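Mapping of the sequence shown onto my numbering: position 154 corresponds to residue 964, and the numbering continues sequentially without gaps.
Note that these hints are calculated values from the structure, not bench results.
Note that the structure is a prediction, hence the values are computed from the model and not measured.
Cβ coordinates follow ideal geometry from the N, Cα and C atoms, glycine included.
Errors might be hidden in some of the hints.
What the hints assert, rightly or not - Have a look at the derived ranges for each label pair, beta carbon to beta carbon:
id, residue 1, residue 2, range
1, T847, V1149, 22 to 28 Å
2, L1094, L1056, 18 to 24 Å
3, T912, L1056, 36 to 42 Å
4, D965, L1094, 43 to 49 Å
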Amino acid sequence: MTSVRVLATLLAAFIAALLSAVPGAAHQPTFSMLDVTLGPEGTEIAARLPVLALIHELDEIGGSPLPTGTTSADLASNPLDPEIAAALAALLKDRLVLTNGTQALAFNVREVTGGAEEVSLTALAPAATDELEGVADLFPSDPMHKAFLTVWRGDALAGQWALDTAGPTFALEAAERPVSEVVTEFVREGVRHIFIGPDHILFILALILLGGSLWAQVKIVTAFTLAHSVTLTLATLGVVTLPSRLVESVIALSIVVVGLHDLWRVRQGEREASPVPRRDPRPLFALGFGLIHGFGFATVLQELDLPREALAWALAAFNLGVELGQLVIVLAAAPLLWVLRRFAPPMAARATLSVLAGAIIVVGSLWFWERAVLGA
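Construct all of the structure, not just a fragment, from the sequences and the given hints.
Next comes the structure, spelled out in structure tokens:
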């Protein structure tokens, strides 16, 4: 394949990836929380449903049980309109199915409470004396939605699952869920969180765009890993919290800053032997902005009300999954960038890197405007 074809293929692949990450390509991922407490007198169910998911289903997907015209303000009012409260109760009863052995556990919704970000429902079902199975497909038309289900036996954690429309079922066969299953579940969630977060992907691509020696790449990846691991842990444990809007805005800003640095260094590289200077600031970018990205990674785990012993396993596994996802991105992009710099004519390589850096800046700027100014 000629160098022109190589350049065209690389440029098309990168621009396609960037365009798929432009705001509006997909709505914000949402998460529901389900707590099922098994007791000798009955089974208690507590559900928290995100207002964003309810409105998205009503306005964009259709098929919602909510009354037409329901707004987020309506869902935030208390007491809720009786028709809206009844629709929410019907949604939970229709989309959450619990089975005790071979018999379905019919439950009654006792209370529905509105909220600005989520609505809460409590319900009561008969006691479960056998193996507990179920289906939690709360928003079946939304593949971006996750339902985190926690089952308790009294005050003891019995099991935990992350469910979505592709995998909505669970089964509790033993008194406690094996640690290996918890680890597997959250490693998978960590990998998934990387790949549904285009802002994290774009930041990693911006960090490695200029290439450099193997040691330079190792320092960048290590700095980013250390930084986001620290804040992921602190945020999940509730030691440090930051407003979500601030975190998401700074994440977008980090993409713009690193993209501007990339573009400047490519321009400087036209007069120097390499676009990578002796004192490469990218590890510092990775370290500093990685601290903020860690708060973004913690969004999923912050929502889980876990005892610390269970949280430690979930946290470690989720972080490992994030690292695996990040490694896949680096291993996929770095060789392509190396081929570009090694085999393409210098002028064509610099032009391609300039276009990619410019695209990174544009997308990051759109995200920053959307999050910081529009508050989306």
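Here's how the hints hold up against the structure:
{"no.": "1", "hint": "T847 <-> V1149: 22 to 28 Å", "verdict": "56 Å, violated"}
{"no.": "2", "hint": "L1094 <-> L1056: 18 to 24 Å", "verdict": "21 Å, holds"}
{"no.": "3", "hint": "T912 <-> L1056: 36 to 42 Å", "verdict": "50 Å, violated"}
{"no.": "4", "hint": "D965 <-> L1094: 43 to 49 Å", "verdict": "46 Å, holds"}
Hint compliance for this structure: hints 1 and 3 are not met, and every other hint is.
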